[in-house]
Amino acid sequence: MSRAGLACLVVAGCVGAASAQTLPRSVWNGVYTVDQAKKGEALAVAQCVSCHGDGLRGGEAAPPLTGDLFNSTWEGVLLSDLADRIRTTMPIDRPGTLSRPQTADVLAYMLSLSKIPAGTLSLPADAGALAQIAYRSYPPQP
Amino acid sequence: MTKTHVKFAAVAAVVAATVVMASLAAVAQNRTFSPGAANAEWKTYGGDLRSTRYSPLAQINKDNFSKLEVAWRFKTDALGPRPEFNLQSTPLMVGGVLYSTGGTRRAVVALDAGTGEMRWMYSLNEGKRGEAAPRQLSGRGLAYWSDGRQERIVYVTPGYQMIALDAKTGRPVPGFGRNGIVDLKLNNDQEMDPVTGEIGLHAAPVISGDVVIIGAAHLPGSIPSRRDNDNGYVRGFDVRTGKRLWIFHTIPRPGEPGIETWEVESAAEQSGNAGVWAQMSIDEELGLVYLPVELPTGDYYGGHRLGDGLYGESIIAVEIKTGKKRWHYQLVHHGIWDSDIPCAPILADIVVDGRMIKALAQPSKQGWVYVLDRATGVPVWPIEERAVEASTVPGEKASPTQPFVTKPPAFAKQGVTIDDLIDFTPALRAEAVKLAARYKLGPLYTPPVASKWEGPLATLMMPSTTGGANWQGGALDPETNYLYVYSSNQISDLALIESDGKRSDMRYVRGTAPNPAAPPAALPAAGAAGGEAAPPVLVQGLPLVKPPYATISALDIDKGDLVWQVAHGETPDNIRNHPALKGLTIPRTGRIGRIGVLATKTLLIAGEAGFFTTPSGQRGAMLRAYDKATGQEVGEVYMPAPQTGSPMTYMLNGRQYLIVSISGGTYSGELVAFRLPQDATTTN
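Quick note, the sequences are listed as chains V and S, same order.
Numbers given in this note's numbering equal positions in the first sequence, counted from 1, plus 2.
Numbers given in this note's numbering equal positions in the second sequence, counted from 1, plus 20.
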């Protein structure tokens, strides 16, 4: 682990967040495909919406996975952390049953709900590759 | 670039606080009852059975709040098979012991209130039953009972079993139910599958005397799988034995009062839900428990349940000992906006024009506090039946009128007009107006539409379907009768589509019309209701409506006035750093969430929702204190994660503690105890 990584682990509040300057890619650079988001939608409809609501807008017992509250919670967080959170805790009745590729598909669907444009390459399932992308709710400045 | 100051509706409206406080002092002298958390403990979820969330403790005050330091932390990760990221508990503190639920399996722990050291832990592995539960994770709390000899902790598991534990040992009480457990899916005047029956509860039980009262919750009802879903009846049990004492049918059965409000009697028999998933409140002097009821099945489509449909979205007063109804008051007729009554009614003895009234103040998702005489159910100030728009959805018949509160004023924005859309810059404004043109805008109680791609795509609704207020409710200062409530100002896009019958047997379910010109899906959404989910209504990632996005309001419920309102929550990073807002000065916007508040002798305390980055670069949230008379912020303390459970306080060995449940994002659940440094404490 790099010295910077070690420092990040010991400073509360640093873990999981990343500055835009250190990132080679943004979620706004076409990091998933339409097909992948559709696969993710199928998974979400089957496994997520019963608690998180239609369109993952949130329900009484589960937070929204898109929109204002989601954005303020996950802004700047690495997609690897977000994917880990999904993969290890969801779906709530069968946590750990989503594979890494399936988790990436669900993540792609969530990005599509946030109107983040698709591209030509699928969102990777590999944690190391996802760690190169941070969630940003707003498009980059032209 | 020249900085541009952005103006939005003033939210720090401090209204003649000095005059108000002087008159309240005189009123307070007339009161003999002392509500609030007594004896420096916190014995019930809401601080007292009146759900005031008030403690008279004063060691932590405006002069020292920012000096608070962490006394101890208790991580809940190991209480279940995996960490939990949405810890909503408000613990109890009795006799130096802190009791809390926690963990993904909803364990119960007893902690040393001074150190956080665990004394005991109880957990029940419910297997498939727990996995299938509609209300998972650690829940919001538990109940304490004692007859002076025995002490018990009573809680409800995710799988809807009520368990009584010996408060000293954590062991199930043998004489309660079967080996300490009552199966709440049984003896419920309905048949349901013991594993998959869709019923559970997040709220804490309430106990008065020897009666413990239990509500019910279900899955969200936007796309209910069955319109004859399980019913959410309310029951009273003997806290000594677990024996059922009474049941109240929240949807009346044939022959029971209220059935006449259903146009088709069989629809009442068929319909389910109408649970009480919110916290209940109790007036022990009147012998009444107040039930805040949700909708019957189908949050947004009522075509299968025509009529006002009692007791949907009603407050019901029932006798604690018998379960017999004393009165009811319906807040929304034939609800189609998911206006479930979400939180505990707050009981207050108010003085209106010199007359003492035993009142009930009910915060709501729709942004009003309904103030009723709690002995009779009669509104303290007029609640007027006003005409509202008819529904155009086939099969739906919306109520022609709805009750409108005339006092106190709404604590949340109600309805959506063009004037509510963001105007940070002309370009954003133009984009917002263009976006809104695809939707139906209107006042509160504008009905949902059948979605059309060409428009209207949906009805824009504010407060959103989750409020306004939600489960966290409010707090009351019984000395001044100021009621405090946090509220979100956000939009829901509310529309219906015809169900394809795969996921629901309802005729219409929530959904948005698909784009007919869109290319065929690479893979069809298995079981999808027929329409693709619409993206959130955002403008370049920004909320469509103007800030504030979240507020705390103080309402004088003696007078029915709004006293102050402030934006609660520092502006989130995604707005502060938004490139389209570069160069603008954005006042604090507040942050959306579900935030419970705590009132003490001088302070109103609440943590923030969501995350932001502090000036020193820490990612987290602040615990904030306001002067409860004026709304002026008087202190803040950093927390590494947002508040997710309502705070509570107690005194132990001469020191006041504040406990907050925090979690969210990548930060797993944790109880954090704050207190002042030894040298900063003063005698309470």
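Errors might be hidden in some of the hints.
What the hints assert, rightly or not - Calculated cross-link-like contacts (lysine-lysine; reagent style DSSO-like; alpha-carbon spacing at most 30 Å):
| id | chain 1 | residue 1 | chain 2 | residue 2 |
| --- | --- | --- | --- | --- |
| 1 | S | Lys188 | S | Lys263 |
| 2 | V | Lys117 | S | Lys417 |
| 3 | S | Lys188 | S | Lys95 |
| 4 | S | Lys472 | S | Lys522 |
| 5 | S | Lys522 | S | Lys417 |
| 6 | S | Lys522 | S | Lys454 |
| 7 | S | Lys263 | V | Lys117 |
| 8 | V | Lys117 | S | Lys602 |
| 9 | S | Lys263 | S | Lys148 |
| 10 | V | Lys117 | S | Lys454 |
| 11 | S | Lys417 | S | Lys427 |
| 12 | V | Lys117 | S | Lys188 |
FYI, nobody ran anything at the bench for these hints, they're computed from the structure.
Hint by hint, here is what the structure shows:
1. Lys188(S) to Lys263(S): Judged against 30 Å, a Cα distance of about 23 Å means the pair holds.
2. Lys117(V) to Lys417(S): 35 Å, violated
3. Lys188(S) to Lys95(S): 22 Å, holds
4. Lys472(S) to Lys522(S): Holds, because 21 Å separates the two Cα atoms, which is no more than 30 Å.
5. Lys522(S) to Lys417(S): Holds: Lys522(S) and Lys417(S) sit about 25 Å apart, inside 30 Å.
6. Lys522(S) to Lys454(S): 35 Å, violated
7. Lys263(S) to Lys117(V): This hinted pair is violated, its Cα atoms lying about 54 Å apart.
8. Lys117(V) to Lys602(S): 21 Å, holds
9. Lys263(S) to Lys148(S): Given pair Lys263(S), Lys148(S) holds - Cα atoms ~26 Å apart, limit 30 Å.
10. Lys117(V) to Lys454(S): 16 Å, holds
11. Lys417(S) to Lys427(S): 29 Å, holds
12. Lys117(V) to Lys188(S): The hint is violated at about 54 Å.
Consistency with the previously given hints fails for numbers 2, 6, 7 and 12, ordered from lowest to highest.
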